[in-house]
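S.K.: Please construct the entire structure, taking both the sequences and the accompanying hints into account.
Protein chains in written order, with my numbering: chain V, 1 to 312; chain R, 1 to 376.
For lysine-lysine, the following PhoX-like pairs were computed, each having C-alpha atoms within a straight-line distance of at most 25 Å: (1) R:K195 <-> V:K91; (2) V:K198 <-> V:K6; (3) V:K247 <-> V:K167; (4) R:K195 <-> V:K89; (5) V:K200 <-> V:K247; (6) V:K273 <-> V:K262.
Residues of chain R clear of chain V, computed beta-carbon distances all greater than 10 Å: (7) F114; (8) E285; (9) R343.
These are computed hints drawn from the structure, not numbers from a lab. Glycine is no exception: its CB is placed at the ideal position from the N, C-alpha and C atoms.
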Amino acid sequence: MTTSIKQLPDNEQVLSGNGSCGGCPSPMALRIVGKALGPNAIMLLTPSCAVASMGMTPRLAYNWPCINVCFATAGSSASGIAQAVEILKEKGRLQGELPTVFNWVGDGGTYDIGFQALSAAAERNDNIIHFCYNNEAYSNTGVQRSGATPRGSFTTTTPGGKRQPKKNMALLMLEHDIPYVATATVAYPGDLYDKVVKAKSIPGMKYIEILAPCYLGWQFDMPDTVQMSRMAVRSGAWLLWEAENGKISFNNPSSFIVSGIKDADPVDEYVMKQGRFNRLLKGPDAAQRIAEIQGDIDRQIAFMRERAKITI
Amino acid sequence: MKEARVIMDTGAHAAALAVKSARVDVVPGYPITPQSSIMEAVAAMVENGELDARFIPVEGEHSTLAAAVAAAAAGARVFTATSSNGLLYMHEVLHMAAGGRLPVVMCNVNRGIFAPWTLWADQQDSFAQRDTGWIQYHCSSNQEVFNTILQAFRVAEQINIPVMVNFDGFTISHCLMPLTLPPQEDIDRFLPPHKPEWRLDPAHPSSFSNVTNAAEYAPFRQMLSSDIMASIPLVKQAAQEYKDITGMWDGDTIDAYRLEDAEVVAFAVNSMAAELRLSIDILREQGIKAGLLRLRLYLPFPADDIVSALPQNAQVMVLDRNYNFGHPGGILAAELKSVLFGRRSDITVKNRVMGIGGVDLTRRYMAAEIRAMMDE
Ligand SMILES: Cc1ncc(C[n+]2csc(CCOP(=O)(O)OP(=O)(O)O)c2C)c(N)n1
Ligand code: SF4
Ligand SMILES: [Mg+2]
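M.R.: See below:
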């Protein structure tokens, strides 16, 4: 049973007052993550909205020890800390339970510039959790494209709409043969909470990617973050799944969509609610563009359905 | 009391032995010639239990230093090593290490930089990192490499500034020389366990390297600038106490040879400066009052020590194994002139670039060059 929102613990690791936009999915998701991780953790961040909004020195909105590291280095930096706390504990210079070492990093710091170091950390199976809050663009620097930007989306560096599909980062992480991979999104807080609790209990490298609709980049109304997140899942544009030791299982409601018990909502409504897509859908080729977006989604669902059957 | 041990060893392996003696906690590493032997030796020591530490085999040098600074922020004593393009690849993180006040010690085995490729020594790699905020030693013997790594940890941890220990590829890293290993008790006395002032500690949530306004940023930078200068007395103290405990001395900020009455002074760093002692002897035999001022500490540039060590009216022959592109000659000459300006108008500075990419620098060749410079 998925934990319900009423059952979430009371502890708050995200303190009131931070610099993010109203409706920002990053602190929203981090709040749930904090409830699962508790205070005994060390947080790493790479340049992103999460850094720009964490509170300027000497203030800090996240109630953990936090370190900002160079953009490309979430994987290697977290490994350094994880290895350091383990050896210091072994040598008796650190008392108490080992803290959870986790990255809070955007899609830019995960899919693109941070990919190499993250891949290496995964291959070494270092004992960290990498969270990618994926707003499908570089929001902090003014909404440029990333490897997570879906086809057809406007960004300031894809003014005619991105022509390539996004990459399936969570699956790429799974193919590193790490013990735990999961996807989540803010509209399903209990699902996210349960996944973080599970990740925390597993030694080695864990990867959790959280779809994080950003009103600025996606161009929807600020109060609609959670609704956009839910629409992404219901349309199949975002699949909720997790994989323990390589075995993929889908979570509700994505499980119904993948198994065919329930049809995904057509992508039209999801797309039309977002300026990043609909501003490019004024021309005569609108139908074809939407069909391309739908095509990418259908292909991913079909592919993940088949991939999940591989359980060796 | 235990006696010191004398062995034959390469500079690279001497570095690894110093890492072991320093009881380092974490060592991230990535191979590059001629540094690789250090990492291989450390990895072996960790594997066979000689060194109680974690070796992190990262996937590139940017990650090497990232893992190193992060481990230091978690409170560990951290060592790493690199060379040439590896050092250049770290550049962004070099700044972060110093700005973040993380006392990592790193060996850079000097090697010329790409393009075109070379494997052999010059100082373009380390000197190109001048403005990153690191303290930089340059060593001229295997023994000095060993001694300096231990002194570097002392200084780094006292003032929370990372320290780079440089020495030449192959000439030092791969050549055997006698190496004296002081008893471990003596080293432990010289270098007590690392007790960081602050670390990433869940009991005290606080931010490292967070965003600042100008009002906070400027004082951070000012503090780094003045603390780097304030490391000079610590460098001297470390050298002196190391001598008191082990009996070994490589100079402190500078290392002088036959300097007192010298009229002609060679000024250089690294292995060529060891060879230059022999050049000085040759020149002395020829009736020239020659001496050597070897710069041991490149950063902070020990202006006062240089200014007071140079004899009256000396001609200083700066032998640069690097280029100061956009200026004639090399980087050391420019640095030296800037500290002499307005303080020692009696001094003449002459400069030659030589030995680039490992071109052999023999005592006779350098003696002849110095003679030729005298007539310029
Ligand atoms: C080495 C380096 N290159 C570029 C930047 C500029 N930069 C800062 S944040 C950012 C984008 C971050 O994107 P993402 O990781 O997706 O986080 P988001 O801003 O979307 O939250 C970029 C390009 C940087 N800080 N460092
Ligand atoms: S731009 Fe988007 S991701 Fe950034 S703070 Fe605003 S809502 Fe959050
Ligand atoms: Mg982003």
